[in-house]
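Asks: This is what each chain is made of:
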Amino acid sequence: MTIDWQTFTPWSSLFGGVIIGLAAGALALRAGRILGVSGIVAGLAEPDADRLGRAALVAGLILSPVLFGLVAPLPALRIDAGWAAVIAGGLLVGFGTRLGSGCTSGHGVCGLARLSPRSLVAVVTFVVAAMATVFVLRHAI
Amino acid sequence: MKPRFALLVGVVFGIGLCLSGMVAPSKVLNFLDVAGAWDPSLALVMGGAMAAAFLPFRLVRGRIPAPGRRIDLPLVAGSALFGVGWGLVGLCPGPALTALGRADPKAFAFVAAMLVGMALHRLWSRGATKTPPAPVADDPS
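Those sequence lines, one after another, are chains A and B. Quick note: the first sequence uses this note's numbering, first residue 22, plus one each step. Quick note: the second sequence uses this note's numbering, first residue 3, plus one each step.
I should point out that these hints are in silico values taken from the structure, not numbers from a laboratory. These numbers come from a predicted model, not from an experiment. The C-beta atom is built at its ideal place from N, Cα and C for all residues, glycine as well. Some hints here could point you the wrong way.
[As the list claims (entries may be wrong)] Example chain A residues on the side facing chain B (calculated, C-beta under 10 Å, incomplete): (1) Ala-45; (2) Gly-46; (3) Arg-54; (4) Val-62; (5) Pro-68; (6) Asp-71; (7) Leu-78; (8) Ala-93; (9) Ala-102; (10) Ile-108; (11) Gly-123; (12) Gly-129; (13) Thr-146; (14) Ile-162.
All chains should be built: construct the whole structure from the sequences, respecting the hints.
Replies: Quick look at the structure:
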């Protein structure tokens, strides 16, 4: 393993992570809710009282790079994967996060911060599966 | 979730994603590529987010349902499928939504496929939980 010091951004990544954690913490404190993006997106299909709140949170996420771009340059954002990989990846992410009850935000940020053993198993599983996928794509074929 | 507060949380969370570099698929893939030139930044994103969210979640313990404890096949299989999709493209649900704000056609395709994956899971789990009509018990009298 070699660390690429050219692309390593310790301070902006740590500080960005803190902002992510504070947003999740604020939602838990004020609304008693877990900030899990996959669950919130899937919940848009549920016609209950919280639907408008979920739609507003999704709208905020979509707006955020526009606002960020006003004050600082956005990082390189190109999606390099081909169209077939994009479609397959989207299907797997959608189905997998529902079957596994969470993604990087719900299991990763919130679950680990709550010391949930279920979330720890989920995070280890999806990180290892993602690393294996990248290994196969970049080094094995 | 009050819509105005949820919108603010979404914006702040998304700004954290932008600043941290999580929104850049290439940066995510370089983190997942442990056999290549490894960029460890995203470990700091997770660490910072967990540290910042830890205290808020401590404070709401008891006010929100405790995380489940069951480690089962759907958790592991779902997380593994999600991980493969994440590794194929470098996008998980949160950054995929922020990518929409940059009007990238591949981001729209990814999110559309993700929604289809979620809908497929909904259909599939409904079919799986549909129980056959209970057999009429023999009357012992």
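Asks: Give a verdict on every hint.
Replies: So, going through the hints one by one against the coordinates:
The beta carbon of Ala-45(A) comes within 5 Å of a beta carbon in chain B, closer than 10 Å, and the hint placing it at the interface holds. Using the Cβ-Cβ criterion of 10 Å, the hint placing Gly-46(A) at the interface with chain B is satisfied: the shortest such distance is roughly 3 Å. A least Cβ separation of about 6 Å between Arg-54(A) and chain B falls short of the 10 Å threshold, and the interface hint therefore holds. Annotation: interface hint on Val-62(A) holds; nearest CB of chain B at approximately 6 Å, less than 10 Å.
Interface restraint check for Pro-68(A): the shortest CB-CB distance to chain B comes to about 14 Å, outside 10 Å, so the restraint is violated. With a cut of 10 Å, the hint placing Asp-71(A) at the interface with chain B holds, because the nearest CB-to-CB distance is about 6 Å. Interface restraint check: Leu-78(A) against chain B, minimum CB-CB distance 4 Å, threshold 10 Å, status holds. Taking 10 Å as the C-beta cut-off, the interface hint given for Ala-93(A) holds, the closest approach to chain B being about 8 Å.
The closest approach between the C-beta of Ala-102(A) and any C-beta of chain B is roughly 5 Å, which is under the 10 Å cut-off, so the hint is satisfied. A distance limit of 10 Å between C-beta atoms decides the matter here; for Ile-108(A) the minimum to chain B is near 5 Å, and the interface restraint holds. Taken as an interface hint, Gly-123(A) checks out: its beta carbon lies about 8 Å from the nearest beta carbon of chain B, inside 10 Å. Given the 10 Å rule on beta carbons, the hint for Gly-129(A) holds: about 6 Å separates it from the nearest Cβ of chain B.
The beta carbon of Thr-146(A) comes within 4 Å of a beta carbon in chain B, closer than 10 Å, and the hint placing it at the interface holds. Nearest Cβ of chain B to the Cβ of Ile-162(A): about 13 Å, over the 10 Å cut. The hint is violated.
Hints 5, 14 from the earlier list are contradicted by this structure; the remaining hints agree with it.
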